[in-house]
Amino acid sequence: MTKFAEVLRKVHEMEPRVQCITNFVTVNDCANIILAAGGTPSMADHIDEVAEALSCVQALVCNMGAIALTDSMIVGGKEANRRKIPVVLDPVAVGGTQLRRDAAKRLLEEVHFTAIRGNASEIRYLAGQQTTGAGVDVSDLDAITEENLPEAQEMIKNLAKSLGTVIAVSGVIDLVSDGERTMVLRNGCATMSRITGSGCMLTSMIGAFVGAAAEDPFTATCAAMAAMGIAGEIAEKKRIKNGTGNATFRTDLIDAVFNLTEEELTKGARYEIF
Amino acid sequence: MTKFAEVLRKVHEMEPRVQCITNFVTVNDCANIILAAGGTPSMADHIDEVAEALSCVQALVCNMGAIALTDSMIVGGKEANRRKIPVVLDPVAVGGTQLRRDAAKRLLEEVHFTAIRGNASEIRYLAGQQTTGAGVDVSDLDAITEENLPEAQEMIKNLAKSLGTVIAVSGVIDLVSDGERTMVLRNGCATMSRITGSGCMLTSMIGAFVGAAAEDPFTATCAAMAAMGIAGEIAEKKRIKNGTGNATFRTDLIDAVFNLTEEELTKGARYEIF
Amino acid sequence: MTKFAEVLRKVHEMEPRVQCITNFVTVNDCANIILAAGGTPSMADHIDEVAEALSCVQALVCNMGAIALTDSMIVGGKEANRRKIPVVLDPVAVGGTQLRRDAAKRLLEEVHFTAIRGNASEIRYLAGQQTTGAGVDVSDLDAITEENLPEAQEMIKNLAKSLGTVIAVSGVIDLVSDGERTMVLRNGCATMSRITGSGCMLTSMIGAFVGAAAEDPFTATCAAMAAMGIAGEIAEKKRIKNGTGNATFRTDLIDAVFNLTEEELTKGARYEIF
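Heads up: the protein sequence lines correspond to chains F, H and P, in order.
Each residue of the first sequence is one higher than the one before, starting from 1 at the first, in the numbering used here.
Each residue of the second sequence is one higher than the one before, starting from 275 at the first, in the numbering used here.
Each residue of the third sequence is one higher than the one before, starting from 549 at the first, in the numbering used here.
For reference, chain F alone in the conformation it holds in the complex:
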C-alpha cells in the first residue's frame, strides 16, 4: 500500500471531524465533500463558540472567503494551536484587496498553520511576489507551468520553510512542499475551474486528511491533492461521455470522492517528489 492509500485508509477509519470557518458561497459543497471523504463537518464559526466547539474536532479549516469572520479564525486558530489540532488556511483572493492583505497578515502572525492551500496567485502573494491574480482566480501570468516549474518549486519551498508549514498550490500542475520535500502532482482536469468551490472543497479535504494523519501533514496534503485530482478526472470522463455540464460535474466530483478506493488512489496518482 502506498503512503497516499494509507492516509485515505486513516480518513475512512477515523472519520475525522473537521470544523470549517468558511464562506457561504461553497459551504454546502465543503460539508458534503468532507462527508464524501469519510469525515464529519462542523461549520461552527460564531466567535462565541468557535473555540469551545474545537473540543471534539481533529482539524480546523480557515477559509478567507469568509472574510467577515477573520476574528473567529484567529480565536479558533489560537485555540486549535493550544490544543495541537492541525489548522489549514485557504487564503482566498488574498492579494486582491487591502482587507484581505490585512487579514492574512493578522492570521499568519497570530496562528500557526499546518498547511496553506491556494492558487498560484494567492501563494505567490504570500511569498512576497508581485502578482497579477485578482480575486479568487489565478492569473495566467502567475500560473505554474512546465517553464516556470523550477522557480515555483523554489518559491514554495522557501515559503514553506519560512512559515514552518506545508504549502500547496493547486492548478494545472499542483505543487506541495514542507520546506524539505517538494512534490509535483499532475492530476485533475480543466472543468474543475468551471465550478465554484473546487479550491474550497480541496482545502476542506486537506483538513480531513491532515486531521486523520496529523503525524505527516506533508503526505496527507499530497494525498488530498491527488485524491481530488483523480476525482476530477473520473467526473470529467463522465461529463464528456454523457455530454453534461459543470453542475453535473460538481455532483460527480463529490460522488467520485465518496467512492474513491485506496487502490484507485494508488494507481491514479501522478506525481514526482524532489
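Be aware that a few hints might be false.
Footprint (simulated), chain F over chain H, 3 or more residues, beta carbon under 8 angstroms [to be verified]:
1) 298-304
2) 372-381
Facing chain H, according to a computed beta carbon distance under 7 angstroms, are these residues of chain F, among others [what the hints assert, rightly or not]:
3) Glu-13
4) Leu-35
5) Ala-36
6) Glu-52
7) Asn-148
8) Thr-251
9) Phe-258
It should be emphasised that the hints constitute simulated quantities derived from the structure, not laboratory data.
Idealized CB from N, CA, C, for every residue including glycine.
Here the structure of chain F is known, so what remains is to put chains H and P in place on it, guided by the hints.
Just chains H and P now, kept in the frame of chain F:
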C-alpha cells in the same frame, strides 16, 4: 386514504408558504425540499422584517444552525405565536456549546413551538439528560436503539408533555410524541447521514406539513418523517443501482420528495403507534 | 448570426468577471451559472472591499435577497457607476416589507442601474402599482398574461423610461424594455418556479451578458432571458423523459447553460419586438 396521505394531499393543495430562519450551510437544500414537497419557501430572517414577513406564511421554522440569528427567531417566533402560525424548532447541536445552551433556553422560554425535531443527542439534552453528542451529529451512546426504545419513548413523551409540543427524534429509528400518542417510524437509510442537511431538510418539511395540517401537528410531523424516510429509501436504491455517491443521493432525495405520491407514502410508511 | 447569438459569443470570448452582492440561499447556484455561461463570478460583498474589488470586473449584480448588505450595494453601485461598469438589480420581494421598500428607495436614489430584473409583483411595485405579491413569488393577480399584456408592456416601458434603465420581468411571459423598444419572450417552463433561485440565477446571467455586451444592454438582457428560458426547456424535457424532480432539474438547467450554443439560442428563442 391513510392519515399520512391526507396530510400530503393537503400540502399539495394548499402549497403552504414556510418561512425559515436557517443556516447558510443547508439553506438552499431546505428551500428546494420545501418546493419539492409542494410548499413555497421564504428565507426572510432579518430582525427588522422577520415579523412583518409572517403576514402571508403558514409556518415558521427556526433552525439553531443560524445561531447568530437567535434574536430574529425570538422576534419571529413570538409574532408567529400571536398570529397562531405553527413554529417548528431544529435545536442544532444544542448541547454542544454554552452559546447554544443559552440560545435554546431563551427560545424555549419566549416562544411556544408546535414541533421540535432533533437527533437523539439534541433531544436528550432538551430532556435534561447527560448527553455525549457533540455538534450536529448524534453520539452512538445517545442513539435510539431497539434496546433503549422503551426508555426513549418515555423520555420524549415526557418532554413533549412538559413543553406542550410535538417532539420528533430522527435517526435509524424515528420517534414522535405529542405527550399522549407516541409513534415509532422505521423508514430511511444510512446514506442520509452522509450528506449535510438531511436533518435541516426534514425540519423544513415538517414546517410545510404542519403548516398545511395545523389542526393535527402530531400526524403532520409523523407524515413528514415517513415521507423523508421513504424518499431516502428511493434515493438509496438508485445510489446502489447506479454506483453513485452522496452528492447524487442528495439530488435524488429531493427528487423523490418531488415525485412522492399519496399511494407511495401510504404503502411505504413503516410505523407503530403507542 | 442573430443578435442574441452575438451576445452569447461575446460572453464566451470575453469571460466577463461578474461581482455579485447576493443572498446566501442561492449564491452557489448564481456562481455556477455565471461559470456555466462562460463568465467568472466574484462574490466579494464586504463593505470594506466591495469598491476595491471592482477594479477587475465587467459587471456588478445587486440582489436584494441580501437585504443586510444594502450598504455594500450602495457603496459598490456608486463606485461601479463612477467606473462605468454596468450594475444590475434584482429587487427581491421589494414590496413585501418596509425594510425592502426603504432599501429599494435608497438603491434607486443613489445608484444608476443598467438593468433591473424582477417578477411581475416586484416590477409592478417599482412602477408604483398596488401589488399583491408577497415575498419572493409573484402573485397570480400581478402576473403577466395574454390578457393584460398591453397594459404590462406600457407599464414596463414607462418604468424603463423614468428610471433610464432596462426593465425585465420574468414569468410565464417575459417582458424587457429600455423605454424605447419592448420585447416579449415566450421561452421557459413551469418547473423553473419549483426550484429556488431561478430568478437570482437569471439576474446573474444578465450580469454576465450585460458585462460582455455593455454597448447594448437591452439586447444583452433579452439574450440572457432567452438563454435561460431555452435552458429551462432543455432541462424540462429531460425531467419529463427521466421522471426526475426539481433537484435534477436545477442541475440540468445549469448544464444546459453550460452547453448552450449560439445556434441553439438562435433557433430556440421565441420573441416579438415592439
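Hints versus structure:
no.	hint	in the structure
1	298-304	holds (count 5)
2	372-381	holds (count 3)
3	Glu-13	violated, 15 angstroms
4	Leu-35	holds, 5 angstroms
5	Ala-36	holds, 5 angstroms
6	Glu-52	holds, 5 angstroms
7	Asn-148	violated, 35 angstroms
8	Thr-251	holds, 4 angstroms
9	Phe-258	holds, 3 angstroms
Violated hints, listed in ascending order, are 3 and 7; each of the other numbered hints is respected by the structure.
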